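Those protein sequences? They're chains A and B, same order as listed. Going letter by letter, the first sequence gives residues 6 to 559 in this note's numbering. Going letter by letter, the second sequence gives residues 8 to 156 in this note's numbering.
Everything labelled a hint here was simulated from the structure, so no lab data went into it. Remember, predicted model here, so these are calculated numbers, not experimental data. Using N, Cα and C, we set each Cβ at its ideal position, and we do this for glycine too. Where hints are given, some of them may not hold.
To be verified - The calculated DSS-like cross-link candidates involving lysine-lysine, where the alpha carbons are at most 30 Å apart (straight line), are:
hint, chain 1, residue 1, chain 2, residue 2
1, A, Lys321, B, Lys102
2, B, Lys132, A, Lys271
3, A, Lys123, B, Lys132
4, A, Lys321, B, Lys80
5, A, Lys123, B, Lys88
6, A, Lys123, B, Lys87
7, A, Lys394, A, Lys438
8, B, Lys87, A, Lys120
9, B, Lys70, A, Lys130
10, B, Lys154, A, Lys271
As the list claims (entries may be wrong) - Covered by chain A, per the in silico footprint, the following chain B stretches (three or more residues, Cβ under 8 Å):
hint, stretch
11, 90-99
12, 127-135
13, 145-153
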Amino acid sequence: MKRLIILFCITIAIASCTSQQSGDSRLRMADSLVSLHPYNALILLDSLDERTLSSTFDSAFYNLLLVEALHGAGNTLGNDSLILISERYFEQTKDKSFLARTYLQRGISLSDRGKLTKAIGYLKKAESIIDLKANHPIAYILYSAIARTNAAAQCKGLALSYEKRALAVCDTNVTRRVETMNRIATLYGDLDQPDSFKTYINQCLSNSRYTIAQADVMVNIGRFYLRQGQREMALHYLRATLNSEAMYEAAGYLGELFDSEGDRTKAQDYYFMAMESCLPEMRTHAYQRLIHYAEISGNHRLMTDLSLRLNQEYEKYQAVEPAEIAKYQADFDAQQASARSHKQLAKVAFIIGILVMVIVVGLLLHRRKMRRYRRLLEQTNADYLDTLKRHETAQRELTNLREVSIDGDAVIAQKTAEIDALQQRLAQFQEDKMSPTDWNIGDSLLNSDVVFRMHDLAAQGRTAMPTDWQQLVEAIAPQLPGLMAKLSAPDCHLSDREMRVCLLIRLRFIPSEIATLVIASPQVITNIRVRLLEKIYRRKGGARMFDELIRAEK
Amino acid sequence: MYHLKPKSMKTKHLLIAMVMMLMMPITTIQAETATATVSLQQKKNKVYDQPEVLPEFPGGMQKLMEYLRTSVKYPSEAQKKSIQGRVLVQFIVEKNGTISHLEISQATHPLLDNEALRVVESMPKWTPGKVKGKAVRTSMTLPISFKLQ
Numbered sequence: 006m007k008r009l010i011i012l013f014c015i016t017i018a019i020a021s022c023t024s025q026q027s028g029d030s031r032l033r034m035a036d037s038l039v040s041l042h043p044y045n046a047l048i049l050l051d052s053l054d055e056r057t058l059s060s061t062f063d064s065a066f067y068n069l070l071l072v073e074a075l076h077g078a079g080n081t082l083g084n085d086s087l088i089l090i091s092e093r094y095f096e097q098t099k100d101k102s103f104l105a106r107t108y109l110q111r112g113i114s115l116s117d118r119g120k121l122t123k124a125i126g127y128l129k130k131a132e133s134i135i136d137l138k139a140n141h142p143i144a145y146i147l148y149s150a151i152a153r154t155n156a157a158a159q160c161k162g163l164a165l166s167y168e169k170r171a172l173a174v175c176d177t178n179v180t181r182r183v184e185t186m187n188r189i190a191t192l193y194g195d196l197d198q199p200d201s202f203k204t205y206i207n208q209c210l211s212n213s214r215y216t217i218a219q220a221d222v223m224v225n226i227g228r229f230y231l232r233q234g235q236r237e238m239a240l241h242y243l244r245a246t247l248n249s250e251a252m253y254e255a256a257g258y259l260g261e262l263f264d265s266e267g268d269r270t271k272a273q274d275y276y277f278m279a280m281e282s283c284l285p286e287m288r289t290h291a292y293q294r295l296i297h298y299a300e301i302s303g304n305h306r307l308m309t310d311l312s313l314r315l316n317q318e319y320e321k322y323q324a325v326e327p328a329e330i331a332k333y334q335a336d337f338d339a340q341q342a343s344a345r346s347h348k349q350l351a352k353v354a355f356i357i358g359i360l361v362m363v364i365v366v367g368l369l370l371h372r373r374k375m376r377r378y379r380r381l382l383e384q385t386n387a388d389y390l391d392t393l394k395r396h397e398t399a400q401r402e403l404t405n406l407r408e409v410s411i412d413g414d415a416v417i418a419q420k421t422a423e424i425d426a427l428q429q430r431l432a433q434f435q436e437d438k439m440s441p442t443d444w445n446i447g448d449s450l451l452n453s454d455v456v457f458r459m460h461d462l463a464a465q466g467r468t469a470m471p472t473d474w475q476q477l478v479e480a481i482a483p484q485l486p487g488l489m490a491k492l493s494a495p496d497c498h499l500s501d502r503e504m505r506v507c508l509l510i511r512l513r514f515i516p517s518e519i520a521t522l523v524i525a526s527p528q529v530i531t532n533i534r535v536r537l538l539e540k541i542y543r544r545k546g547g548a549r550m551f552d553e554l555i556r557a558e559k
Numbered sequence: 008m009y010h011l012k013p014k015s016m017k018t019k020h021l022l023i024a025m026v027m028m029l030m031m032p033i034t035t036i037q038a039e040t041a042t043a044t045v046s047l048q049q050k051k052n053k054v055y056d057q058p059e060v061l062p063e064f065p066g067g068m069q070k071l072m073e074y075l076r077t078s079v080k081y082p083s084e085a086q087k088k089s090i091q092g093r094v095l096v097q098f099i100v101e102k103n104g105t106i107s108h109l110e111i112s113q114a115t116h117p118l119l120d121n122e123a124l125r126v127v128e129s130m131p132k133w134t135p136g137k138v139k140g141k142a143v144r145t146s147m148t149l150p151i152s153f154k155l156q
């Protein structure tokens with residue numbers, strides 16, 4: 006049951022984290038088509054009656070897909086009414102993935118209509134929230150859109166960097182690659198870097214043969230030669246594209262060429278075609294020149310008509326300051342970088358906080374455990390001391406009984422039994438389970454004041470003072486001279502701690518007592534015993550072997 | 008056992024061989040003539056991408072632009088949805104200047120595509136493209152822009 010609840014919670018959490026999916030299969034199909042086959046998606050969406058969509062999400066999604074398909078198929082939108090519906094909805098739901106797509110389309114739409122400052126704002130917002138790793142086709146569309154908007158705003162350097170990013174994420178679609186490389190070449194041409202221009206144009210030429218972008222590449226070469234002043238080459242390339250899809254752009258440059266040569270009739274003819282160009286600056290230039298020609302020839306009607314249309318062009322495209330747009334982007338990037346670093350900092354702080362909490366909790370738990378452990382040691386030590394005392398008292402009473410010997414045997418037997426029981430109990434405290442009779446220590450030493458004081462200190466969890474140790478050595482020295490000689494041997498070089506451990510083991514102090522008296526854990530005491538075995542007896546073995554050997558010393 | 012063939016049989020075989028030898032060059036000539044006829048036909052029907060002289064709309068490019076501006080009727084549905092676009096229509100200008108083999112080489116929206124096809128289809132005869140002074144069939148691509156004012 007508990008597992009089921011956890012599983013349910015995880016499912017809910019995952020579901021709440023992932024983007025919402027449309028319940029309409031036609032929308033899902035259009036979504037899968039839109040980035041690679043926008044025209045097919047457009048036909049599918051056109052056949053769909055918007056009123057049949059069941060939810061607000063589906064309506065917003067439908068509008069987004071429709072705008073994506075329209076833009077993808079090469080259309081532009083006269084206003085933002087479609088995308089605004091999606092924008093409002095996704096801003097409310099705060100679904101980042103859809104919101105990024107919406108901002109991207111709004112940016113493209115604004116850019117197409119010449120509202121470059123606003124367009125850059127939307128495109129940068131899309132860039133800041135889009136998950137680019139998971140959205141390669143969208144990444145290409147986004148970078149291309151930012152590049153084209155920058156190019157239109159005369160921010161050529163920025164445009165170039167974004168076109169290169171677009172090329173890096175571009176899929177294997179040859180037309181897309183050629184179009185992008187051609188735009189990069191154009192920018193290099195504008196930035197007066199002919200070598201880079203040629204490099205990219207050559208790459209275009211080796212790929213463009215069967216693509217629709219071939220004409221654009223040819224026009225670009227013609228334009229390059231025109232700027233270089235190579236008339237014949239320019240003429241060759243530009244004329245070759247006059248019956249192609251890039252005819253209006255070619256005508257614009259041919260108009261310039263003949264205009265510069267004073268051939269007014271030809272220039273005028275080409276400028277009339279250039280009015281249909283998709284390049285705003287080319288259209289404007291064509292209008293200006295045609296108005297000039299109409300003025301010279303005294304055709305006032307044509308002049309008025311052209312002036313009106315030129316005004317419409319100016320109205321469509323708001324004037325932009327390249328430096329302002331570049332600054333806006335630099336500021337936006339800096340703001341984003343700072344927000345990212347703040348976010349990262351917050352993440353690091355959170356992780357550090359968690360670590361500190363874990364350490365504190367760990368320390369508290371360890372402290373609690375140690376306290377409990379110490380209490381256990383002290384309890385054991387106290388039990389041992391109590392048993393030792395009772396044993397000592399019982400022995401003394403037995404001796405007294407034997408001396409007085411009034412009622413004789415029954416009481417003595419009872420006392421003897423009691424002593425036996427106590428000895429068995431004392432043996433239980435020892436690792437080797439030996440009874441005090443086999444301890445190989447005289448009663449006077451075992452029951453001496455200093456030894457009992459040491460037991461007492463261990464039972465209280467206190468360590469022994471240097472004076473206690475001194476008295477202990479003084480008590481042992483006359484009774485166990487062999488032991489003292491062994492420990493004081495010049496080749497042993499025992500430390501105070503090692504010496505104390507030896508004495509305590511010899512006097513049958515239990516490991517918990519030794520640990521308390523020398524302030525170390527029982528594990529450390531075990532390690533010391535192993536080391537002492539090698540130091541004193543030059544042998545390798547376990548701690549118990551050392552105990553046996555040291556306890557045999559007299 | 009080896010038998011000599013009768014003399015009359017030998018002569019017959021010799022005659023057949025001679026006729027066949029005569030026939031072979033005639034067949035080859037016939038085949039070559041047929042190939043040449045086909046290739047001449049193909050040459051006559053060849054569609055040029057880059058003729059020496061490009062086909063021209065009657066009155067020149069200025070008139071073509073005027074024609075497009077006056078003939079294109081913005082599809083009302085597209086106008087309602089504020090859809091703008093540039094449709095590429097590919098066609099062949101025949102030797103007599105008529106327009107044939109129309110197709111959309113870059114579709115943008117079904118409504119705009121259909122209108123572009125209608126406009127190109129109803130264009131008057133062009134002056135054909137020329138190679139060495141002779142009229143040739145020429146392939147053209149015409150971008151038709153749909154822009155809302």
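How the hints compare with the structure:
{"no.": "1", "hint": "A:Lys321 / B:Lys102", "result": "violated (42 Å)"}
{"no.": "2", "hint": "B:Lys132 / A:Lys271", "result": "holds (22 Å)"}
{"no.": "3", "hint": "A:Lys123 / B:Lys132", "result": "violated (46 Å)"}
{"no.": "4", "hint": "A:Lys321 / B:Lys80", "result": "holds (22 Å)"}
{"no.": "5", "hint": "A:Lys123 / B:Lys88", "result": "holds (22 Å)"}
{"no.": "6", "hint": "A:Lys123 / B:Lys87", "result": "holds (24 Å)"}
{"no.": "7", "hint": "A:Lys394 / A:Lys438", "result": "holds (19 Å)"}
{"no.": "8", "hint": "B:Lys87 / A:Lys120", "result": "holds (21 Å)"}
{"no.": "9", "hint": "B:Lys70 / A:Lys130", "result": "violated (45 Å)"}
{"no.": "10", "hint": "B:Lys154 / A:Lys271", "result": "holds (26 Å)"}
{"no.": "11", "hint": "90-99", "result": "holds (count 5)"}
{"no.": "12", "hint": "127-135", "result": "violated (count 0)"}
{"no.": "13", "hint": "145-153", "result": "holds (count 7)"}
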